[in-house]
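Residue numbers (our numbering): 116 to 714.
Derived by calculation from the structure, the hints in this document are not laboratory data.
Given the structure is predicted, the values throughout are model-derived calculations rather than measurements.
Note that the Cβ used here is the ideal one computed from N, Cα and C, for glycine as well.
Listed next, the in silico DSS-like pairs over lysine-lysine satisfying Cα-Cα at most 27 Å (straight line):
| no. | residue 1 | residue 2 |
| --- | --- | --- |
| 1 | K404 | K379 |
| 2 | K404 | K421 |
| 3 | K379 | K367 |
| 4 | K187 | K199 |
Quick list of simulated restraints, FRET-style, between CB atoms:
| no. | residue 1 | residue 2 | range |
| --- | --- | --- | --- |
| 5 | T239 | G585 | 52 to 62 Å |
| 6 | R644 | D339 | 51 to 61 Å |
| 7 | F647 | R413 | 42 to 52 Å |
| 8 | N456 | P331 | 43 to 53 Å |
| 9 | D261 | R369 | 33 to 43 Å |
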Amino acid sequence: MDVYEVTGYRTGIDNAGVNFLDPIDAFELLRNGFIYRQVLQSRLGFVQFANRLADGSRVMGIFENVLPDSTKDLLVISKEFLYKYNAGTNQFDQAPMAGAAPPGGFAIPDNDDYVSGTTYLTATGTQRFVFTGKGMSDVYFYDGTDVKVFTNAVDNPDYQQPAASIGNLTRATSVIWFGERLNFFVPVTTVATYNQGVLYSGIRDASGNGDKFNVPGSGLLSCDTYELMKSALILGDIVIMNFQRSRWTLEKTRDAFNPYFARKIPSVLGTDAGFSAVSWNYEVKSAGKTGMVTTDGRRDLRFDDKIPFLTADNIDQAQFELTYGGFDRIEGQFLFAYRDNLSNLASTTQDRVLVYNYEESTWAINNQRFSVFGQTDKGQDLTWNDIDENENPAWARMDETEEIWNKIGIGAAIQKTLAGDDLGFVYQINVDYDDYFIAVSAITQASAAVVTVADSAFQVGDRVIFANVGGMTEINGLIGTITAAALTSITVDIDSTNFTAYTTGGSVSKLIDFEAQMNPFNPYRSDGRRVFMSHAEFLIDTNAGDLFVDIYIDEEEAPFKTAQIVSPSTTTKKRVWVDVAVDQEADFITLIMRNETAG
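Make a model of the complete structure from these sequences and hints.
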């Protein structure tokens, strides 16, 4: 009997059409998991970071604002307001709208009108965060206290508008501090929308020329194309400008009066979702309707050879511009939040995240409802006395908590990847919880239990699990499906009529449904031979949920055999043999591993 070891594998998440198993292409489908250093893993969960934003609208941007003393602010912008994270209270505080800023909020109309922002210091060195977006009515800045209008003479006395032939600046798609200047990409003025242009200020100096657009060294540069620019971001010492069908670079000159020149990169395709672009590891990667593309500033290449049809077949084409890119430094992964073309959510809501590990060329899809990504090293440090069930019910006992014990309460100075959503929540990803982990404050005794929780973003159809509930202990460990959901309550299809009455504590969280489908296996198919399989051996390290393997032969829709692999109570890194017993000849065999992660 031949023995085949599957290690060092990569993944695809589309129909590969490969009827044999090659170790470097082992998985045809990977959901809610990832491969890192040759280990197949279920992803970790995410939990709410601080409070829900006060206006409860969609999160449109998460930013780190570097202050003059090199410390950082964590800023979050919704469709209406800007918020600053307060580590002392673990709250997002809404910044007042002052001066010419609209008191009622920004009123961003569309979900794909994402916000772009940049740290900027004034002529006197005081802090500013300048931000704008195609859905905003103005360019704004945050001065550490209030939000004001950048182009208003009273709010910003240093500002001087461009020449009359260009028109006065009203907003832009992207803003970047680059070349000692403020640069607005796709600026909209009172004269025109410059779809191929960048409007740049003078060099920042003691005279405040960094806020002036009519001084020597300021101006408007347009790329020699009729394509539409979708976004721009810095890559090393250049700016990458993403167009619908190509990419261009903005590069510095030594001429102070003509500081830039634009150069087109030899391109294979463009970027249809402007804010899908992510800069990391000397490359910018982004999403186009005909594929995923990457550039290093010299050449433009597709990097989606394992998923060549995903952007066309899986992403909702009508809502393609919703796609938003981010980077997870902890796992070394590019993240692209998108709307699946079969989504049952509102038509302007993302419900999937495409994951790419650039170190090993592995792909996966996560079931996560995120709008944007960001990062921070902010957080709340807790004293030892704070680490108890009053702060979080899961901390009641060392042997029951879902978190890593020696990291509970250590929040500040740790790098975190954040994500926002449609309802004004900000989450920290890669934590030892299930998704949407939240404390329970009441459960009814009813044929369909109604659970009272803090503000949460559960949706109808989510499968949830209960833990550490007091009184109604019968519900602990049970899995239910949400049949109705509101901000502070959910209804689950669990009959709790005869359960003991609820008293206190507990938590509810959404299960992480992990699935890995191996490519069809038959190493002899090229020789015209069929295959048997007697058993498969797995090295498993899990303490959360049962792991199952389904075995399919040829193209049958139903599994030949479903086998339970291991139970949490019997595992810690052990080899498990599974009796496959495919005792009939098959053209090929497929294994699908499934796990409902709870913890």
